[in-house]
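Protein chains in written order, with the working numbering: chain A, 1 to 337; chain B, 338 to 674; chain C, 675 to 1011; chain D, 1012 to 1348.
Simulated from the structure, these hints should not be mistaken for laboratory data.
Wrong hints could be hidden among the right ones.
Claimed, not checked - Listed below are the simulated DSS-like cross-link pairs for lysine-lysine, each with C-alpha atoms no more than 30 Å apart in a straight line:
1. C:K744 x B:K387
2. A:K45 x D:K1038
3. B:K364 x B:K382
Number of protein chains: 4
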Amino acid sequence: MIVVMKQGASQADIDHMTARVEELGLKAHVIVGTERTVIAAIGEKREAHKESLESGPSVAEVLPILAPYKIASREIKQETTVVVAGSLSVGGNRIGVIAGPCSVESEEQLMTTARAVKAAGATALRGGAFKPRTSPYSFQGMKEDGLKLLATAREETGLAIVTEVVAAEDVSLVARYADVLQIGARNMQNYRLLEAVGKTDRAVLLKRGPSATLDELLLAAEYILDGGNPNVMLCERGIRTFESHTRFTLPLATVIYLHGKTHLPIVVDPSHGTGHTYMVPQMAAASVAAGADGLILEVHPEPETALSDGYQSLTPDQFVETMELCRRVAGAMNREI
Amino acid sequence: MIVVMKQGASQADIDHMTARVEELGLKAHVIVGTERTVIAAIGEKREAHKESLESGPSVAEVLPILAPYKIASREIKQETTVVVAGSLSVGGNRIGVIAGPCSVESEEQLMTTARAVKAAGATALRGGAFKPRTSPYSFQGMKEDGLKLLATAREETGLAIVTEVVAAEDVSLVARYADVLQIGARNMQNYRLLEAVGKTDRAVLLKRGPSATLDELLLAAEYILDGGNPNVMLCERGIRTFESHTRFTLPLATVIYLHGKTHLPIVVDPSHGTGHTYMVPQMAAASVAAGADGLILEVHPEPETALSDGYQSLTPDQFVETMELCRRVAGAMNREI
Amino acid sequence: MIVVMKQGASQADIDHMTARVEELGLKAHVIVGTERTVIAAIGEKREAHKESLESGPSVAEVLPILAPYKIASREIKQETTVVVAGSLSVGGNRIGVIAGPCSVESEEQLMTTARAVKAAGATALRGGAFKPRTSPYSFQGMKEDGLKLLATAREETGLAIVTEVVAAEDVSLVARYADVLQIGARNMQNYRLLEAVGKTDRAVLLKRGPSATLDELLLAAEYILDGGNPNVMLCERGIRTFESHTRFTLPLATVIYLHGKTHLPIVVDPSHGTGHTYMVPQMAAASVAAGADGLILEVHPEPETALSDGYQSLTPDQFVETMELCRRVAGAMNREI
Amino acid sequence: MIVVMKQGASQADIDHMTARVEELGLKAHVIVGTERTVIAAIGEKREAHKESLESGPSVAEVLPILAPYKIASREIKQETTVVVAGSLSVGGNRIGVIAGPCSVESEEQLMTTARAVKAAGATALRGGAFKPRTSPYSFQGMKEDGLKLLATAREETGLAIVTEVVAAEDVSLVARYADVLQIGARNMQNYRLLEAVGKTDRAVLLKRGPSATLDELLLAAEYILDGGNPNVMLCERGIRTFESHTRFTLPLATVIYLHGKTHLPIVVDPSHGTGHTYMVPQMAAASVAAGADGLILEVHPEPETALSDGYQSLTPDQFVETMELCRRVAGAMNREI
């Protein structure tokens, strides 16, 4: 860490901060600049003391040098982690494709979709049984009945099941049916839930919260990794900005940045990231071009009557076209899909 | 709702959407404009069909007329709700002041703070026992031991206790000790938790998530209200924007907007809203001028050694000055503190 | 427009607003809903009266139905405009590529870059002679001497010249040398400048301001179009959000949205849109996948000594690789580059 | 500056960067940490070489220690600048109040407003003659005729005139009539215009752009100061965020931050900062509580028929009430109005 003192800080304040740095077990290195003095604190631990030093007298700011996460860091592990869960593999040369309805609504709806996405090349089936909904008056999901239908779909199609878990107390139930536990954007910082999935042997798809920084996302992953579960996929699904013509803003440079900082594979969600069906095919292709290791896409046999997210769901036919487009772009990037 | 058709929508599409509106139990009213046709859907329910109509053919957009929340709405209840919990009252002419450390760290730290804030006029004591922390390596709170210390502090000072609950399974434990259950910003859309506090008889302080819209905040409150608990205070604590000189951006116009839309009282948190001790006194005063019904402020006897949030905590002396400032501004606004 | 009255609006207020709508030359259509009354104003002109109606008594909000821009709208002109300026063509099947240094620094620097980007397939040369710089202490550009060097580069390479103009009084000077007048992000709403370039016969590259909505961007284009100049290219170069690991956030869904709303061609700037050289190749490829009609890229023979923007400039070798990548992705999208 | 090297940077890269730092005339101080090496560059000039160093091999990031602005900095000048222009004084204990219509529309409209705001205690009159409008189809202002009416209003009421100038070529014309030249938010980075007003002897009111950082705002001020004009007031008028219930988000902590960084006085604009008349009185009071040195408020005798900004204009009666409220809050803050 670099402790930057205010201009005109007294020698007493500089001495005080030097002592504080040493109390924290770090080596202090005082550099007297032409206008300001800075104290380099060497031996920085990631469980940083940044906050504590910031309260010191005449401190202008504290600049950390190390990232706050550890197990997730590519500095610790050079090669990209390949997460495998049944038919789904994410992190290798082949791009994983998770497709299916926002919510499980009925056996017919789910099976129709599962067959269609399987035929078009999806490698996993998504479907929500526990639905966190903004309004208490919206459809809240089929719960365990939905999970059973998902297991049926896996039995028939062989597709791995990706489904959301919304509370620590549901983890063992959902893990009985699912191959991948999805942590939704609203729960990215539900640490009790992160700890609970960290103790399972199921792969985890961790979605970025719409106002989370990437350090916060990586620290959320760190909770899971620190619990002993190494199979974490990160998912970019859009951030909240002033743009109103899309539901969220999908910042694809995130994929490139994260690939530099972490060995965890990166999935992109162009359905939530745009909120409009007509934007999904090209944004899926753009995600592949940006280097995504996986895609997660909403598909519904009849979007107009979907109980949730119809406005951003592809029909099975549109999904076929999207896959073709992504396959060509993946080829251009020397990857497969 | 107003269904806006695309320019050049065919009569078939218009007829289709008219039929869809009527299928949903609404009365369709077709208005042929000079350039576009719009369909007014009369009898709109709040459990809106907006999503479903948006997927229709040739629909450009669907504009809702009614707010999506109901019980929280001032259209339903004209007078402001006064939430009373022990010594704390929020929503009346007197402004409630909740003060105390970010985390409960020790008996001495807590009792020193409790006595100081009581003496300076605070009407409730805050202190975290269960701490949701961005990093798994940060101090995670004293848990039930912290709750016990809070109860001791109430016993001595008479101050109502405000403390955070982070998971549904902890609600009954925390409710045994606390007067007010705080839902933190990270958990604003943890619906399982909202439902759990909705079933208690404890008042709830619901903090806005840093990227939540005000409709989302009011719908989160609706989960609690719908569970049967009418004692909800909303808390503005800052949103995430491109500004980097403050930890969050504190948008005080929110207080005025919410007072127009809901009967629930509004608390402001200038400590998290700025992230810098030196900004807190004036932003607390500004919050009062904007019409806040309550303030929540971090106070620590020795911010430099605090285990969390020292950089935004007031010392007891600074709290005394802040209270004096706020008292004068409250007087200017014809309120008391 | 739809004028939404507040709940409980009096008949007098409804009558007043009905009269106001008719005073504005529109036909008022009153719809009494179950909870609220709305007034549809038919015959809406784009020079909308929205603002004026919003001040009316008991008006909750005014929802416009028509977009505020006209000449730029795809409703007016179905086929995409192809802007041609010398060797550059943007809007057709072939993607235009504008490449070159941020600033013109010397003859050697410019000629080296011009030859390199030409050889790699660029169809126009960029280079700033008038540089709007955040700090008055930064290099401000070579001015007319820079323009002369650009003209020399065109003479040798045949590449069309794209260069920024920062003030109305410079338009005729810059137009003497340039094929395309670039309006920078900071000047997107410099209306005097927009009017001035609207009166020239030079093509215009209009960059989006970092907090401009797309309606504001299209209205800025409308100033140019309304002045009589139909050759406008829009450029997405990133918006300001809370993300700090990129200089700006590049929202590629913008390309898809704009293609739906306007016939003007869309260029993407992944150099400014990311602010990091290492992100540029993949984000350029992603831009092509999202449907961009053109790319603008910063290239410098020796980024480390560049007088501006070195940290986001490609070397000539990196530009060659970026072009190869984009060419393959363009092929996947059935386009050429 | 602190140059942070990537983990695993080679000794050759470290030596290269050390040499680069010394080439730039700075003293390099290499600190070998446990995980990374950093190079402190001592003697940093504000015309920073940050950009250039960022392009070096194995450089992770470059952290500046000094602010990029100089003349605007409070480190250079301790006492707050008091800007005086005719009847207006901003920066002293008494808060300056600039009030009047968005646009000058007619003699009657202007004189009615001028008399009313003077009677209520305003110390300057605002009114736009050159109007930068988002749409080319909106009212563009009365131009010089408007300036003449403003001069007439000054003659009768004695109020100093604050009016916008939108282009460098208009500066001498506008300066003939105005006491204060306003640079609008859209022109905050119109450097040609900043240079032009920097050469006049008129005071300048510089509005923050809606996505400008505070460093960018201070650097814009630096252009004016560097031109020789010391009479600059900064104006916070709201930033663009995801909030949609206000036109902009008014971040009042800005006032406190700027008071720490610069000696220039700070004005707040609650009219643009909220975009809703009903929010203006309380946000004006909150601005005073946050420490604003001045307020700028839109007032119109008949907002419903205003040619611009009616929805955020106060009537004269509302202005009287706002002034009373602000006067009481100013008293609470030990200031006058």
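Hints, verified against the model:
1. C:K744 x B:K387: At roughly 28 Å apart (the allowed maximum being 30 Å), K387 of chain B and K744 of chain C satisfy the hint.
2. A:K45 x D:K1038: Measuring from Cα to Cα gives roughly 28 Å; hence the hint holds.
3. B:K364 x B:K382: 12 Å, holds
Consistency note: the structure conflicts with none of the earlier hints.
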